[in-house]
Amino acid sequence: MREVWPGEPYPLGATWDGVGTSFSVFSEVAERVELCLFDDDGAESRIDLPEVDGFVWHGYLPGIMPGQRYGFRVHGPYRPGHGHRNNPAKLLLDPYGKAVEGSVRWNESLFSYHFTDPARLNVDDSARYMPKNVVVNPFFEWGNDRPPRTPYHETVIYEAHVRGLTIRHPKVPEEQRGTYAGLAHPAVIEHLQSIGVTAVELMPVHQFVPEHAMVARGLTNYWGYNTIAYLAPHNAYSSAGQRGEQVQEFKAMVRALHEAGIEVILDVVYNHTAEGDHMGPTLGFRGIDNVAYYRLRDEDRRYYLDYTGCGNSLNVRSPHALQLIMDSLRYWVLEMHVDGFRFDLAAALARELHDVDRLSAFFDLIQQDPVISQVKLIAEPWDVGPGGYQVGNFPPLWTEWNGKYRDSVRDFWRGSSRTMPEFASRLTGSSDLYATSGRRPVASINFVTCHDGFTLADLVSYNRKHNDANGEANRDGTDDNRSWNCGAEGPVEDPGIVRLRRRQRRNFLATLFVSQGVPMVLAGDEFGRTQGGNNNAYCQDNETSWIDWSLVKQEEDLLEFVRALAALRREHPVFRRRRFFRGRVQDGTRDIVWLTPSGQEMADSDWNAGYAKSLAVFLNGEAISEPGQRGERIRDDSFLMLINAHHDELTFNLPGAEFGQAWHLVLDTADESPREEAAGEETFPAGAKVPVTARSLQLLRRAGEG
Numbered sequence: 001m002r003e004v005w006p007g008e009p010y011p012l013g014a015t016w017d018g019v020g021t022s023f024s025v026f027s028e029v030a031e032r033v034e035l036c037l038f039d040d041d042g043a044e045s046r047i048d049l050p051e052v053d054g055f056v057w058h059g060y061l062p063g064i065m066p067g068q069r070y071g072f073r074v075h076g077p078y079r080p081g082h083g084h085r086n087n088p089a090k091l092l093l094d095p096y097g098k099a100v101e102g103s104v105r106w107n108e109s110l111f112s113y114h115f116t117d118p119a120r121l122n123v124d125d126s127a128r129y130m131p132k133n134v135v136v137n138p139f140f141e142w143g144n145d146r147p148p149r150t151p152y153h154e155t156v157i158y159e160a161h162v163r164g165l166t167i168r169h170p171k172v173p174e175e176q177r178g179t180y181a182g183l184a185h186p187a188v189i190e191h192l193q194s195i196g197v198t199a200v201e202l203m204p205v206h207q208f209v210p211e212h213a214m215v216a217r218g219l220t221n222y223w224g225y226n227t228i229a230y231l232a233p234h235n236a237y238s239s240a241g242q243r244g245e246q247v248q249e250f251k252a253m254v255r256a257l258h259e260a261g262i263e264v265i266l267d268v269v270y271n272h273t274a275e276g277d278h279m280g281p282t283l284g285f286r287g288i289d290n291v292a293y294y295r296l297r298d299e300d301r302r303y304y305l306d307y308t309g310c311g312n313s314l315n316v317r318s319p320h321a322l323q324l325i326m327d328s329l330r331y332w333v334l335e336m337h338v339d340g341f342r343f344d345l346a347a348a349l350a351r352e353l354h355d356v357d358r359l360s361a362f363f364d365l366i367q368q369d370p371v372i373s374q375v376k377l378i379a380e381p382w383d384v385g386p387g388g389y390q391v392g393n394f395p396p397l398w399t400e401w402n403g404k405y406r407d408s409v410r411d412f413w414r415g416s417s418r419t420m421p422e423f424a425s426r427l428t429g430s431s432d433l434y435a436t437s438g439r440r441p442v443a444s445i446n447f448v449t450c451h452d453g454f455t456l457a458d459l460v461s462y463n464r465k466h467n468d469a470n471g472e473a474n475r476d477g478t479d480d481n482r483s484w485n486c487g488a489e490g491p492v493e494d495p496g497i498v499r500l501r502r503r504q505r506r507n508f509l510a511t512l513f514v515s516q517g518v519p520m521v522l523a524g525d526e527f528g529r530t531q532g533g534n535n536n537a538y539c540q541d542n543e544t545s546w547i548d549w550s551l552v553k554q555e556e557d558l559l560e561f562v563r564a565l566a567a568l569r570r571e572h573p574v575f576r577r578r579r580f581f582r583g584r585v586q587d588g589t590r591d592i593v594w595l596t597p598s599g600q601e602m603a604d605s606d607w608n609a610g611y612a613k614s615l616a617v618f619l620n621g622e623a624i625s626e627p628g629q630r631g632e633r634i635r636d637d638s639f640l641m642l643i644n645a646h647h648d649e650l651t652f653n654l655p656g657a658e659f660g661q662a663w664h665l666v667l668d669t670a671d672e673s674p675r676e677e678a679a680g681e682e683t684f685p686a687g688a689k690v691p692v693t694a695r696s697l698q699l700l701r702r703a704g705e706g
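Counting from 1, one number per residue, gives the positions in the sequence shown under the UniProt record's numbering.
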C-alpha cells in the first residue's frame with residue numbers, strides 16, 4: 001500500500017519536487033477521484049486522492065519519480081441530459097499533463113455508449129487502449145538562452161510542420177527526421193537563416209489525437225488541430241523517447257533556434273479538443289467535468305455548441321477552462337521558452353454568450369497578464385459560427401492573419417477587375433482594418449499561402465482543388481481558392497505557361513516582401529513545393545505534405561530570389577515601417593505617392609476604373625517619420641514600384657525629376673534569373689519610358705542612394 005500525503009491543490013497536474021510527486025486535478029462534479037499508476041508491464045494501481053479543496057482533488061506520493069505513467073478515473077454522475085458524463089470505467093488523461101506516452105488505439109471501450117445502442121452506458125475498461133500521462137523532470141540546462149525578441153516590424157515568419165519540414169531532409173540524420181531534433185539540425189537552421197526567417201510558426205505541437213473516422217479511412221490527422229493535452233509536446237515528434245524525453249528534446253530545439261536568432265511561435269488550438277461531439281470518445285475533459293470544460297446547448301445539454309466545425313467548443317466562460325488556457329500559455333513561455341502563439345479560430349475564444357466580443361474575459365486576462373501580454377500574439381480572426389469573420393476587430397495587443405490581404409493579392413495578380421484600391425490598401429499595411437483601433441501596420445500578418453489551402457506552386461497551377469486522396473469525394477476544402485492555372489490545369493510542358501507560372505510565383509513573393517506589415521512564408525514555397533492541387537492536406541502524412549528538399553537544386557533561381565527579397569527587406573526600413581503612411585508629413589514632403597503608368601498622380605477616376613490593373617508607387621525613404629531605436633530619425637533610400645497585372649506589356653513613364661533624377665533597376669519579376677543588386681544595374685533617367693512585362697513587377701531605387 002503506497003503512502004499518500006494530502007499535498008497541495010496547486011499547481012495542477014503532476015509536479016515532481018525531487019523526492020516525490022504531487023498530483024492535482026479539478027472536477028466540480030466528482031464524487032471520488034482515483035489516481036491510476038501503471039508499471040512497465042501495464043499493471044494498474046489505483047489510489048484515491050485524499051483531499052479536495054475548491055473542487056481540486058489532490059495528493060502527494062513520496063517516491064514517485066519522473067517517467068512514472070499515470071491517469072485518472074473520476075466517479076460522478078452520468079446524466080448526459082444534464083451535461084454530466086462521468087464514467088470511472090474510462091481512464092482519463094490529465095488536462096495538465098506535461099507528457100504523454102503512446103497513442104489512442106481506437107476501440108469501442110473508449111466511448112461511454114455502445115455503438116449498437118447509444119442509449120446504453122458502456123462500462124468496458126478503456127485503459128489498455130489509452131495513452132498514459134508521464135511524470136516529467138522539469139530541470140533543463142538552458143545555459144545563456146535568451147529570447148530573440150525580434151520587433152514585429154523586423155519579423156519574417158515561416159509557417160512549418162515539425163514532421164513535414166524535415167522528414168525528407170537529406171542532411172538530417174535519419175533517426176532525427178520529422179522530429180524536434182531534426183528541426184534543430186544545423187542544416188535546417190542554416191536554410192532558415194539564408195531566407196531571412198526570424199520566427200518559425202509551428203503547426204500544432206500540443207499532444208493531439210487522430211479522429212476515429214479518419215483512422216478508419218486509413219488516414220490520420222497530420223496537421224494536428226485536435227488537441228488532447230495542452231501542456232504536453234506531441235510525443236510522435238520526439239526522436240529520444242516518450243517517457244519525458246520529448247520535453248527535453250523540445251527545449252533543446254528552442255534553445256538551438258534561439259542561438260540562431262530565430263523565435264518559436266506555436267499554433268495553439270484552445271477552441272476545441274479531440275473529444276468531438278456527443279458521439280465522441282471519453283479521453284479526458286469530458287469524463288472529468290464536461291460542463292466546466294465544454295459549451296453545451298441550453299435547450300438540451302446532451303449536445304455541444306460547435307463554433308469550430310470539430311464537434312465541440314471549449315467553454316471560455318468557465319473560470320476553470322480559462323485557467324487551463326492561461327496556465328498552459330504561461331507554461332510554454334516560462335518553462336519551454338517559446339516566444340509567441342498563433343491562436344487557431346481565435347474568434348471562438350471571444351464568444352461570451354454567442355456573439356464575438358472583443359472585451360471577453362479571455363482578452364481581459366491576456367491584457368493584464370505580465371507574461372503572456374509580452375509575447376507575440378497572433379489571431380486567426382475567424383471561426384465557423386455566425387459573425388465569426390472578425391479580421392480587423394481584435395484588441396490592440398494582437399496581430400492577425402490578414403485573410404483580406406491573401407484574397408486581395410491573389411485577386412489582383414490573377415487579373416480580377418476592380419481590385420486595385422483594395423490591393424493598394426493591403427500593400428501599405430491595411431490601415432482601413434487596424435488604424436482606428438490604435439494598431440500599426442505590423443498588426444497585419446501578411447500571407448499569400450498557408451498550410452490551409454494551395455501551396456504557392458499550386459496557386460498558379462490549379463483552378464480547382466484536387467482532394468480525392470482525402471476520401472471525401474473532393475467535397476472537403478474550400479472552393480474559394482482565387483487561384484489561376486495560367487492556362488492549363490496541373491503539370492504542363494508548355495514553355496510559355498511554365499514561364500508565366502514562375503513569374504506569378506515571383507510576383508506573389510515580391511509583393512509579400514515589399515508590403516507593410518509582417519510577411520509569412522509557407523514552408524517549401526521558397527523552392528516550389530507542390531501538393532498536387534490538394535488544398536486541404538490535413539490527413540496526408542505522406543509525400544503529398546512532406547517537403548521535398550530535392551527541389552532546392554531544381555528551383556535554385558526561385559530560392560535565390562527569395563533570399564534577395566529577404567535581404568532587401570532587412571536592409572531597407574522603407575518596406576517595414578512601424579507607422580502607417582500619411583501622405584504628406586509635417587514638412588510638406590510626401591511619404592508615398594500613387595502614380596498611373598503615364599507617370600501622373602492618380603486621380604479618383606483612375607482608382608475607380610474597373611479595367612485598371614497597373615500602377616506605380618513612390619516610396620519616399622527620407623520621409624519615414626518615425627524614430628529609430630535611439631531616437632534618431634530613420635532615413636532610407638527611395639524606391640519606385642512599377643506594377644503591371646495587365647495581360648499585356650505596358651510602357652511606364654517614370655515621374656519627373658522632383659521624384660528623382662535617375663533610377664536603378666533593383667528587381668524585375670520578369671527576369672528568369674536572380675538579379676544581383678550591385679554592378680551592372682540598369683539606370684533610367686527621370687521621365688524615361690520603361691517597358692514592364694505583362695503580369696510583372698519592377699522595383700527601382702533612386703540613383704545616388706544606397
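Among the hints, a few may not be true.
What the hints assert, rightly or not - Label-pair restraints from in silico Cβ distances:
no., residue 1, residue 2, range
1, Ala567, Pro491, 49 to 57 Å
2, Glu175, Tyr78, 41 to 49 Å
3, Arg297, Asp479, 26 to 34 Å
4, Gly102, Arg46, 35 to 43 Å
5, Arg582, Val371, 28 to 36 Å
6, Tyr303, Asn144, 48 to 56 Å
To be verified - Below, simulated DMTMM-like cross-link-like pairs (lysine to aspartate or glutamate); rule was C-alpha separation at most 25 Å, straight line:
no., residue 1, residue 2
7, Lys171, Glu672
8, Lys689, Asp606
9, Lys553, Glu658
10, Lys553, Glu174
11, Lys404, Asp479
12, Lys171, Asp648
13, Lys689, Glu672
14, Lys689, Asp648
15, Lys689, Glu658
16, Lys404, Glu174
Hints in this document: simulated from the structure, not taken from any laboratory. Yeah, the Cβ is synthetic: ideal placement off N, Cα and C, and Gly gets one too.
Okay, the hints, checked on the actual structure:
no. : hint                          : in the structure
1   : Ala567 <-> Pro491: 49 to 57 Å : violated (32 Å)
2   : Glu175 <-> Tyr78: 41 to 49 Å  : holds (45 Å)
3   : Arg297 <-> Asp479: 26 to 34 Å : holds (30 Å)
4   : Gly102 <-> Arg46: 35 to 43 Å  : violated (19 Å)
5   : Arg582 <-> Val371: 28 to 36 Å : holds (35 Å)
6   : Tyr303 <-> Asn144: 48 to 56 Å : holds (52 Å)
7   : Lys171 <-> Glu672             : violated (28 Å)
8   : Lys689 <-> Asp606             : holds (20 Å)
9   : Lys553 <-> Glu658             : violated (44 Å)
10  : Lys553 <-> Glu174             : holds (21 Å)
11  : Lys404 <-> Asp479             : holds (16 Å)
12  : Lys171 <-> Asp648             : violated (44 Å)
13  : Lys689 <-> Glu672             : holds (22 Å)
14  : Lys689 <-> Asp648             : holds (16 Å)
15  : Lys689 <-> Glu658             : holds (17 Å)
16  : Lys404 <-> Glu174             : violated (40 Å)
Hints 1, 4, 7, 9, 12 and 16, counting from the list given before, are not met by this structure.
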